[in-house]
Each structure stands twice: as C-alpha cells, then as structure tokens.
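Using the hints provided, position chains B and C relative to the given structure of chain A.
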Amino acid sequence: MIIALLTDFGTKDPYAGIMKAVISGICPEAKIIDLTHEIEPYEVVSASYVLYSSWNYFPTGTIFLSVIDPGVGSNRRELVAVSQSKSVITPDNGTVSLLYRMNKDLITYRAGKSLLEELKASRPAYSHTFDGRDLFAPLAAIAAESGLSNIVGERVEPVLLTEIESKITEGRVSGRVIHIDRFGNSITSIHIEDIKEKNTYASRASVFIYGRKKGQILKIHRSFSDVKIGEALAYWGSSGFLEIAVRNGNASQLLKLGLRDMVELEL
Amino acid sequence: MIIALLTDFGTKDPYAGIMKAVISGICPEAKIIDLTHEIEPYEVVSASYVLYSSWNYFPTGTIFLSVIDPGVGSNRRELVAVSQSKSVITPDNGTVSLLYRMNKDLITYRAGKSLLEELKASRPAYSHTFDGRDLFAPLAAIAAESGLSNIVGERVEPVLLTEIESKITEGRVSGRVIHIDRFGNSITSIHIEDIKEKNTYASRASVFIYGRKKGQILKIHRSFSDVKIGEALAYWGSSGFLEIAVRNGNASQLLKLGLRDMVELEL
Amino acid sequence: MIIALLTDFGTKDPYAGIMKAVISGICPEAKIIDLTHEIEPYEVVSASYVLYSSWNYFPTGTIFLSVIDPGVGSNRRELVAVSQSKSVITPDNGTVSLLYRMNKDLITYRAGKSLLEELKASRPAYSHTFDGRDLFAPLAAIAAESGLSNIVGERVEPVLLTEIESKITEGRVSGRVIHIDRFGNSITSIHIEDIKEKNTYASRASVFIYGRKKGQILKIHRSFSDVKIGEALAYWGSSGFLEIAVRNGNASQLLKLGLRDMVELEL
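Chains as they are written, first to last, in the numbering used here: chain A, 1 to 267; chain B, 1 to 267; chain C, 1 to 267.
If we strip away everything but chain A, and leave its shape as in the complex, we get (with noise of 0.2 Å):
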C-alpha cells in the first residue's frame, strides 16, 4: 500500500520525517512516497496542481496524504475524497480543487467524527499547530492499515477553488498560472481539453500572458527544442496543461509571470 505525501513543510524541519514515523508505527508495510513537501507555504492552489498531475500515475490503492494547512487550530475540516480506487486525506481547504474539476466522479467525506476525537484526545494538551502529526499521519495510516471505512464521517461538499478553472468562450481560453515548477516553467489552468484542436495542438494559436510584463504573445510549440535557447514558448504540458517556458532559462523570473496570474489563449 503507497502512501502519497504532500506538504508545505519543505525539508529543513523533520516534520516530514515525523509523519512518516506516525504512519510506520500504525501501518509498518506502507511504502511512503514523497510527492513534495516544498510547496510555497500555504498555496493551496499549487497543491491542488501537485495532487492532480500525479495522480493519475500511482497504483490503484495509493493513498494521497496532503497537508497544506494555513487552517491548522481554526475549525476547518478534515477532507477524505475518493476516486478511481485512490483517495486524499487533506485540510478541507480547496486543495481537491483541481481533481474534482477533472475527474467527475470524486466523492467527499468528512474524516469520522469520533475517530478525531479520540485522535485529539491523544495528543499532547498543549499541540495545536501540528495536525499533520497529530491528526492527518494516523488517519492516512489507519487508512492503509484497515481500510477506508475506518476513517471516513459523513459526505460533505468540499471547499473548492475558482483560480484553478479555465474559461471557454468563443474563439478564447482564459486561465491562471497554478504552479510555478523548479525550472520556473509556469504552469496554467488551460487545459488541452478544453481545446477542440487537440491534433493540431492549436499551433497557430496565440498566447496572451497578463502578468507583471503585459503583452507578452507566444506560440504554442511541440517541445523545448523547437525553439532557441533564451527563447520563450507555449507548450501541451506531462499533464495536459498550457505551460509557458523558456528554453534553458526561467520563464517566471524573465516574464515575471507569479501565481495566480492571468494567461489568455486566443484560437
């Protein structure tokens, strides 16, 4: 059984560490992969990036375990949703956003009530900052130890995000910058699907991008080696999404193109 695991906690701290040493004392045969735990702190919208395009590319079973939570000691949920045989244990805080928008049939719960009592009855009195050990690592656990059923409350609808749609009208995408990858590659909402030309990859298409340097045009292209070094594209991103780059440098820093900024495709 895999777990997945996503945090903003980055790598300095062991607070990673620590969870997966919560998960290994409840469930010592789950295998725990790292997804990222260098998510900006608190971008719920470019977890909701993470989560989506890795999902569809762990085995049956995976168990998603995302914990991006600006909400931690407020009253915000806990979030299980399941999908195609893989489920996310997360704050309910939109970070589901993007999956539920691709894939139709995900359904949400509540994790089970008296089951998180008994979790916050078990920890230290005076640990209210650190759900993720206290809460989301044994919950994920029991998950993988005993099943699903273990952990799931009643069917809740979940938060949900609007940076992360895309905007179809006549002749016209709009969408946002979602994720900002290493190489500084942006990614946007935009995506193929949402694009009748899909065999053409809509070559012929211009791309607006309204970021802090307006009136950037680019075309959409096949591959990084289809342009020169230092030069600036559009391209079908691994998962399906618009994503601007340029070739051998850092899209977002030489565009200025951040999270959340606008980006239009024009057919």
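In short, the hints are calculated from the structure, not lab data.
Any given hint might turn out to be false.
Since the list can't tell identical chains apart, any single copy or any two copies may satisfy a pair.
Below 30 Å or equal to it, Euclidean Cα-Cα: the simulated DSSO-like pairs (lysine-lysine) are [said to hold, decoys possible]:
| # | residue 1 | residue 2 |
| --- | --- | --- |
| 1 | K12 | K196 |
| 2 | K113 | K86 |
| 3 | K31 | K120 |
| 4 | K31 | K86 |
| 5 | K256 | K167 |
| 6 | K256 | K12 |
| 7 | K12 | K104 |
| 8 | K104 | K256 |
| 9 | K12 | K167 |
| 10 | K120 | K219 |
| 11 | K256 | K113 |
| 12 | K228 | K86 |
| 13 | K167 | K104 |
| 14 | K86 | K120 |
| 15 | K31 | K12 |
| 16 | K12 | K228 |
| 17 | K120 | K228 |
| 18 | K120 | K104 |
| 19 | K104 | K196 |
| 20 | K120 | K196 |
| 21 | K219 | K12 |
| 22 | K113 | K228 |
| 23 | K31 | K219 |
Same frame as chain A, but now just chains B and C:
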C-alpha cells in the same frame, strides 16, 4: 528496523544517498526515514532540537543516525546513546544535548574501538572527510543487522551544549533560540515543563525577545489562528517548547531572530 | 533490487515522485534511493561526478536512473551502460563520462527500439517534455523486474564530455571544477591516481586556481581540521578527486570558483 537519518549534508549532493547505499549493503531490510539533511552547516544546536523533537514519535527500536560533523578528521569521539529502547549514533559534539536534558535515562557509550579500527582500515587511504559514509553508516547498519551490543564500547560522558538549557528564576524563565524552521518560526529552549502554570498556557505571561531587534514583547496564544495575519505571537509548539512566529509570515526575518538569541518569559 | 535516482528535477515539484510511482507500478519490490534531484539544471558534468562518486558504494545489481535531459523532445538517444554488475539508464548526453574514464569495462547500449516505440505509443499524445516519466522510469522498472536483457538494444559509443578529464604533463596535472557541493567545496577532475606520489598525498605540491579570482595558490592537506577556521585548503576528497574548500566556509563563493574553472596541480 527503522534507521532515521539526520545530517547537514544538504540534498544537492549524493552524500545522504551514499550513506543509504552503505546501510542497504550491510542491512538490506533496514527502512530508512529522513529527518532532514538541511541542518545549517555545523549547527549542532539545531540538530540537537531536531533529534529530540523527533525521538518520541518513532517506533521502539529505531536507530537514529546523526552526522553533523564539523570535527571530521580530528580526534572527536563516535558516540552511541541509548534511551527508551531507541538509540542514536553521532559524532560526540553535543548533538545529544537536548535529548539528555529531557530524557534523564540516556546512557552514552563510545563506539567499539576494534570495530572502528576495522572500518578505518577498510576505507580508501586518502579518505578523511566522509566519516558518515566510512564509519557512521556502517555502525548504524551493523547495529540494525546484529544488535547494538556489537557496536558499543566503554561508557563515556557525552559532550553537552549549554545553549539548549533554560534557566528558571523566580517569575522568569530564560532560554535561547535553538532552531528556526522553514516558515521562520523560532523555537526556543523554554519548555512548558519549565513553568507551573501548564493549564493556563501562561497566557497572561509576557515574552521578551533579545534578538537583533530588541524590546519586542509578545503574548502567548493557543495557535496561529488566534492572531491576525501578519501579527507576531508566542505559543507552545508541537514538542512543548515555546515558539515565536508571525501568522502567515517569517518571524525570524521580521523580528530579526537568529540561532542562540536570548528569549525571556515573564510569568 | 535497488534503483538509485539522479535528476535535475528539484524537489519542489512532483516529478521525482511521479517517476517513483511509475516504477512502483511496474516493479513494486524495487527499493528506490535518491542520490539527488538538485543537479544544477542541465549540468551534465555535475551529474557525471555524482553518478561516479556514488557508483562503488551501491550493492551489486543496482540500477542507476539518471535524468538530466536538456535534449528532451529532440532525437538524443536513450542509453544503457553496464559495468561491474551495475547499470545506469540515462539520456545519452555525457552523463556516463566520468564513469567511463574511471571504469574501463563500461559497455554501452541504446535502449531497445521496439520497447521505446511501445512506451512512446502509450503516453498521452501531447506529452513530449517528461521522458523521465514516460520512457526512463519504465525502462529502469522493467530492467529491475525482468532483467537488463529486456531493455537493451544495439551497442553504441556513448557521448563523452571532455571537461571531466585531467591532463598529465611532466610535473603537472591540470583539470577542471566538475561539481560544487552544498558546502561550497569545489571538486576537480584531478584524481589521486593521476599522480605517482600517492603515499605522500603530494603534500608539498602547489594547487593553482584559474577561477574568476586568479592567482590563488593552495597546499594539499589531509583534512579540514589541519587548517584554521576560514582558511582555504586543497585535499583528496572522499572519492579520490582533488577538492578545494574553506574550513567552515564556502570555497566556491570565497574563491569565486565555478563549474568548469581550471585548476592545476604542480608537483
């Protein structure tokens, strides 16, 4: 058998991976969990906190392997410390200090002399800078494979740091910043057990920060969500130590707090 | 069966995690060990060092999977290199250069043509930028699951880099900086086997640095602790290459040393 790994080797080099390879060669069944490899270079005080804060959450039998080793190549000792059916193998440079303060039953040994000589004899003649690979990883793997008794030598008193202590006087507890986490949260050496008023969380107390931006006074809250975004607070962290944070901000940068800066709690 | 992973994908994105998911789907028993994912983007020379310096410490049978792939989407080849019962799968761009220099028995193949075509046919039609996920991870997993013979095609001569070589002339060895580690230690392509005076460590030799701060001359010491804090030194590193460091400091920054800068050893 879990081996929990803690170093200042960073993650841009293969040093940690090579240690895992050496461990896997000797004890293929060992399950290795990373605490962190991003301790600030040579900052044993920070390692001491990371080790202690992780200790209680790992299953019985876990072997911690900590290699923050500014003294590599000198004659500093190789230490094996044991408590509560868990153990840690580390250069003898103060890494066990906080564990020693909180767990009075810690027993400390040198690594066995003849085993160390054997390991030194079998490494390349020119290699004097990577004891993590050549000495510490084999020690941990041999302990995991055939028991701690095969690696311990005579009992010794460990090197201890004074920075991780707290000083209790009438109506006051003083301590120092012992770790700064990814979010800039600054963890101090003042522990909730240092005060009598546990049930009230000392919420009427004042916290004085003697950092590079003197004169800051904070109140102790329950969690981030009790203050406004951008506001500073003190709170009892997830390991019971007093932490200083800014909600959705970086306290270390905003309050100019560094490792070893003094903090005082006035009850 | 161990698969050792080496990329320039960084750790802020799920790219490495997705590769692990693909591997786990094909070969669930594979034990994956990260070397690093923080090779400087596209810096094959650095990858070449990381691969070589790790090679000898991994158990027999280990499959290394290296994806530093500036040529993704072009027609660069997929390479499988075999030596000493270990193997590496990588884009054919020079990653095996240092291994090839030090291990004369390295045999190199293209990946099998029909298998590659099969893998290309089964990926999403728009995906041309993530061969790590679509081609290289499956190749490694199939090799781990059913043997190298299932993934190799015809023998080929690998692409080789000249930067990782050393040049021996009478009384001199010249080389280049091939990796800069987390501490700023600058590892050169000059190997202890390049000189005859092994037993003396060439301790009377002079090391000339032709970096951006010319004219630096260093002596070769045994280890950091042989010089004062803040002082620069040269020494034979843990893989036998000449390294330049500053004790408790960052040599790359302080001596202005970058990748490919020239270094000369005068005996």
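Hints and how they fare:
1. Taking the shortest Cα distances, K12 and K196 never come within 30 Å of each other, neither inside one copy (45 Å) nor across copies (32 Å).
2. In the homo-oligomer, the alpha carbons of K113 and K86 lie at most 30 Å apart inside one protomer (22 Å), although the nearest pairing across protomers, at 34 Å, exceeds that limit.
3. In this assembly of identical chains, K31 and K120 lie within 30 Å of each other by CA distance both inside one copy and across copies; the values are 25 Å within and 28 Å between.
4. Taking the shortest alpha-carbon separations for K31 and K86, both the intra-copy value of 15 Å and the inter-copy value of 22 Å come in at or below 30 Å.
5. In this assembly of identical chains, K256 and K167 lie within 30 Å of each other by CA distance solely inside one copy; the values are 23 Å within and 44 Å between copies.
6. In this assembly of identical chains, the alpha carbons of K256 and K12 lie at most 30 Å apart whether taken from the same copy (28 Å) or from different copies (19 Å).
7. In this assembly of identical chains, the alpha carbons of K12 and K104 lie at most 30 Å apart only when taken from different copies (28 Å versus 37 Å within one copy).
8. Taking the closest pair of Cα atoms, K104 and K256 never come within 30 Å of each other, the shortest separation being 34 Å inside a single copy and 48 Å across copies.
9. In this assembly of identical chains, the alpha carbons of K12 and K167 lie at most 30 Å apart only when taken from different copies (28 Å versus 39 Å within one copy).
10. In this homomeric assembly, K120 and K219 come within 30 Å of each other (Cα to Cα) only across copies, at 25 Å, whereas the closest approach inside a single copy is 53 Å.
11. For the identical chains of this complex, K256 and K113 are neighbours neither inside a copy (45 Å) nor across copies (42 Å), given an alpha-carbon limit of 30 Å.
12. Taking the shortest Cα distances, K228 and K86 never come within 30 Å of each other, neither inside one copy (41 Å) nor across copies (37 Å).
13. Proximity of K167 to K104 under the C-alpha cut-off of 30 Å is restricted to the intra-copy arrangement: shortest distance 17 Å within a copy versus 58 Å between copies.
14. Proximity of K86 to K120 under the C-alpha cut-off of 30 Å is found in both arrangements, the shortest distances being 26 Å within a copy and 26 Å between copies.
15. In this assembly of identical chains, K31 and K12 lie within 30 Å of each other by CA distance both inside one copy and across copies; the values are 22 Å within and 21 Å between.
16. Taking the closest pair of Cα atoms, K12 and K228 come within 30 Å of each other only across two copies (26 Å); inside a single copy the shortest separation is 37 Å, beyond that limit.
17. In this assembly of identical chains, the alpha carbons of K120 and K228 lie at most 30 Å apart only when taken from different copies (25 Å versus 56 Å within one copy).
18. Proximity of K120 and K104 under a CA criterion of 30 Å is satisfied inter-copy only: 28 Å between copies versus 33 Å inside one chain copy.
19. Taking the shortest alpha-carbon separations for K104 and K196, only the intra-copy value of 20 Å comes in at or below 30 Å, while the best inter-copy value is 54 Å.
20. For a Cα distance limit of 30 Å, the shortest separation of K120 from K196 across copies, 23 Å, qualifies, whereas the shortest one inside one copy, 50 Å, does not.
21. In the homo-oligomer, the alpha carbons of K219 and K12 lie at most 30 Å apart only across protomers (27 Å), although the nearest pairing inside one protomer, at 39 Å, exceeds that limit.
22. Taking the shortest Cα distances, K113 and K228 sit within 30 Å of each other only across copies (29 Å), while inside one copy they are farther apart (57 Å).
23. In this assembly of identical chains, K31 and K219 lie within 30 Å of each other by CA distance neither inside one copy nor across copies; the values are 42 Å within and 42 Å between.
Violation of the numbered hints given earlier is confined to hints 1, 8, 11, 12, 23; the remaining hints are satisfied by the structure.
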